[in-house]
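Participant: Each chain is listed here by its residues.
2 protein chains.
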Amino acid sequence: MPRISESTVRRLSHYYRALAEVEAEGGDVISSQRLAEREGTTPAQVRKDLSHFGSFGRRGLGYNVAHLRREIRRILGLDRRWRVAVVGAGHIGAALLGYRGFSAQGFDVVAVFDNDPQRIGQVLGAVQVRDVAELRAAAAAEAFDIGVVATPPPTAQAVADLLVSVGVSAILNFAPRKLFIPARVALRNVDLTMALENLSFALTPARGSRRRRAQD
Amino acid sequence: MPRISESTVRRLSHYYRALAEVEAEGGDVISSQRLAEREGTTPAQVRKDLSHFGSFGRRGLGYNVAHLRREIRRILGLDRRWRVAVVGAGHIGAALLGYRGFSAQGFDVVAVFDNDPQRIGQVLGAVQVRDVAELRAAAAAEAFDIGVVATPPPTAQAVADLLVSVGVSAILNFAPRKLFIPARVALRNVDLTMALENLSFALTPARGSRRRRAQD
Chain A
1 MPRISESTVR RLSHYYRALA EVEAEGGDVI SSQRLAEREG TTPAQVRKDL SHFGSFGRRG
61 LGYNVAHLRR EIRRILGLDR RWRVAVVGAG HIGAALLGYR GFSAQGFDVV AVFDNDPQRI
121 GQVLGAVQVR DVAELRAAAA AEAFDIGVVA TPPPTAQAVA DLLVSVGVSA ILNFAPRKLF
181 IPARVALRNV DLTMALENLS FALTPARGSR RRRAQD
Chain E
1 MPRISESTVR RLSHYYRALA EVEAEGGDVI SSQRLAEREG TTPAQVRKDL SHFGSFGRRG
61 LGYNVAHLRR EIRRILGLDR RWRVAVVGAG HIGAALLGYR GFSAQGFDVV AVFDNDPQRI
121 GQVLGAVQVR DVAELRAAAA AEAFDIGVVA TPPPTAQAVA DLLVSVGVSA ILNFAPRKLF
181 IPARVALRNV DLTMALENLS FALTPARGSR RRRAQD
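Chains A and E, in that order, are what the protein sequence lines are. With this note's numbering as the guide, the letters of the first sequence map in order to residues 1 to 216. With this note's numbering as the guide, the letters of the second sequence map in order to residues 1 to 216.
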């Protein structure tokens, strides 16, 4: 199978949710044309994306909504549950623990770690915050699939290194910092900070208009 | 000035935080080489990104850390505050209201709206949830800069249309759905759902290996 790009997976996610909506509206069948319109892409793109994984429709008849949704669910691995360890019990960690969508999508936060004595012992969601010094032993016993980096930027790389060394298969990084990890470990970044800075940049007029000489 | 790409802005965000770290470590000056290494890019890329906005360093001497940080802060519009209205007081809305980084970056959530009678009247963060039917009148009085879409996917587009019609300059979309909005309004998506699905896809072995004929 050819390597599937991140943007293909992103579109599959979109199709998956569009199909859920169509199903909720009572639709049985959808054409690639209509699926494409809902997601702002082309029918050819829809057919190409799906063709990586098999043959799901019939020419001229469209896709069976329930069946295609089930297949995409399987392709995306959403029919499984994943054991997640969160490192960092600050703002983002706490928000994550409070975010029920996490569990609804098959991600079970089974452990939270921090290095701040004031946070260790606190209960977030249904999980007690443990000392990050215990992470290695905990990983051996509890087999985490995914590590979440929710620490301040300066410690993010060290935490990622630790998570890689205890054998997680994937890292979800919320720290606004580039992480360097081995290619065998999947890495995704959710960078709220960066999205905000992108927005404030877009909102800021006349940027760069002062092309004055820097004083340094 | 040429149009600045989203990826340039993303790198500026990274440089900004790297400079903050260097400053915290007591560094006065940094070379484009060292700034590039911290962010996994090249010195030429660093120089090119910064050159859009002026001349900030001296050949062979590097950049003055405090000065460059201040300049990037200005370029990114982080020296301003923005008035934010959140629509949707569910999981994501509540997590956002609890996320202190939002305010730390100059984004003040001044209003929250929902259409669920059970949520209207509740207090999230320091803000009382109002009926979304009041949004138009509130916007006229309170001049929101940014609208946050934190509703379920089926209503996200209608909410975005409403926010555009009351004159927000930017939309931050947390709904896992593509939004169609006029080009004059800035749009950024923070899609946790999609990041999770991307991760579970990456973790799922042997996907697509069952290239069986679909039964539809």
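If you're looking for bench data, these hints aren't it; they were derived computationally from the structure. Just so we're clear, the structure is a prediction, and the values are computed from it rather than from any experiment. Careful: at least some of the hints might be erroneous.
For identical chains, the list gives no copy identity; a pair is met inside one copy or between any two copies.
As the list claims (entries may be wrong) - Simulated pairs of lysine to any residue, SDA-like, Cα-Cα distance not exceeding 20 Å: (1) Lys48 x Ser103; (2) Lys48 x Asp131; (3) Lys178 x Glu6; (4) Lys178 x Asn64; (5) Lys178 x Glu37; (6) Lys178 x Ala36; (7) Lys48 x Arg73; (8) Lys48 x Gly167; (9) Lys48 x Leu203; (10) Lys178 x Leu162; (11) Lys178 x Arg81; (12) Lys178 x Glu134; (13) Lys48 x Gln122; (14) Lys178 x Gly101; (15) Lys178 x Pro154; (16) Lys48 x Ala126; (17) Lys178 x Thr42; (18) Lys178 x Ala140; (19) Lys178 x Val110; (20) Lys178 x Gln118; (21) Lys48 x Glu142; (22) Lys178 x Ala44; (23) Lys48 x Gly101.
Participant: When no copy is specified for lysine 178 and asparagine 64, does a C-alpha distance of 20 Å or less occur within a copy, between copies, both, or neither?
Facilitator: neither (41 Å within a copy, 22 Å between copies)
Participant: Regarding lysine 178 and leucine 162, is the shortest C-alpha distance of 20 Å or less found within a copy, between copies, in both, or in neither?
Facilitator: Within one copy, since 16 Å is at most 20 Å while 36 Å is not.
Participant: Regarding lysine 48 and glutamate 142, is the shortest C-alpha distance of 20 Å or less found within a copy, between copies, in both, or in neither?
Facilitator: Neither. Shortest intra-copy (40 Å) and inter-copy (47 Å) distances fail the 20 Å Cα cut-off.
Participant: If the cutoff is 20 Å on CA atoms, where do lysine 178 and alanine 36 land: within, between, both or neither? Let me know, please.
Facilitator: between (33 Å within a copy, 11 Å between copies)
Participant: Pop the pair lysine 178 and alanine 44 into one bin, within, between, both or neither, using alpha-carbon distances up to 20 Å.
Facilitator: between (35 Å within a copy, 18 Å between copies)
Participant: If the cut is 20 Å between Cα atoms, do lysine 48 and glutamine 122 qualify within a copy, between copies, both or neither?
Facilitator: neither (49 Å within a copy, 46 Å between copies)
Participant: Within a copy, between copies, both or neither: where do lysine 178 and glutamine 118 come within 20 Å Cα-Cα?
Facilitator: neither (28 Å within a copy, 41 Å between copies)
Participant: Could you place lysine 178 and threonine 42 in one of the four classes (within, between, both, neither) given a Cα distance threshold of 20 Å?
Facilitator: between (33 Å within a copy, 14 Å between copies)
Participant: What label fits lysine 48 with leucine 203 when the C-alpha limit is 20 Å: within, between, both, or neither?
Facilitator: Neither: 36 Å inside a chain and 22 Å across chains, both beyond 20 Å.
Participant: Between copies, within a copy, both or neither: which fits lysine 178 and glutamate 6 at Cα up to 20 Å?
Facilitator: Close inside one copy (18 Å) and across copies (16 Å); limit 20 Å.
Participant: If the cutoff is 20 Å on CA atoms, where do lysine 178 and glutamate 134 land: within, between, both or neither? Let me know, please.
Facilitator: neither (25 Å within a copy, 41 Å between copies)
Participant: When no copy is named, should lysine 178 and valine 110 be tagged within, between, both, or neither for a Cα gap of at most 20 Å?
Facilitator: Neither, since 25 Å and 31 Å both go past 20 Å.
The structure shown violates the earlier hints numbered 1, 2, 4, 8, 9, 11, 12, 13, 16, 18, 19, 20, 21, 23.
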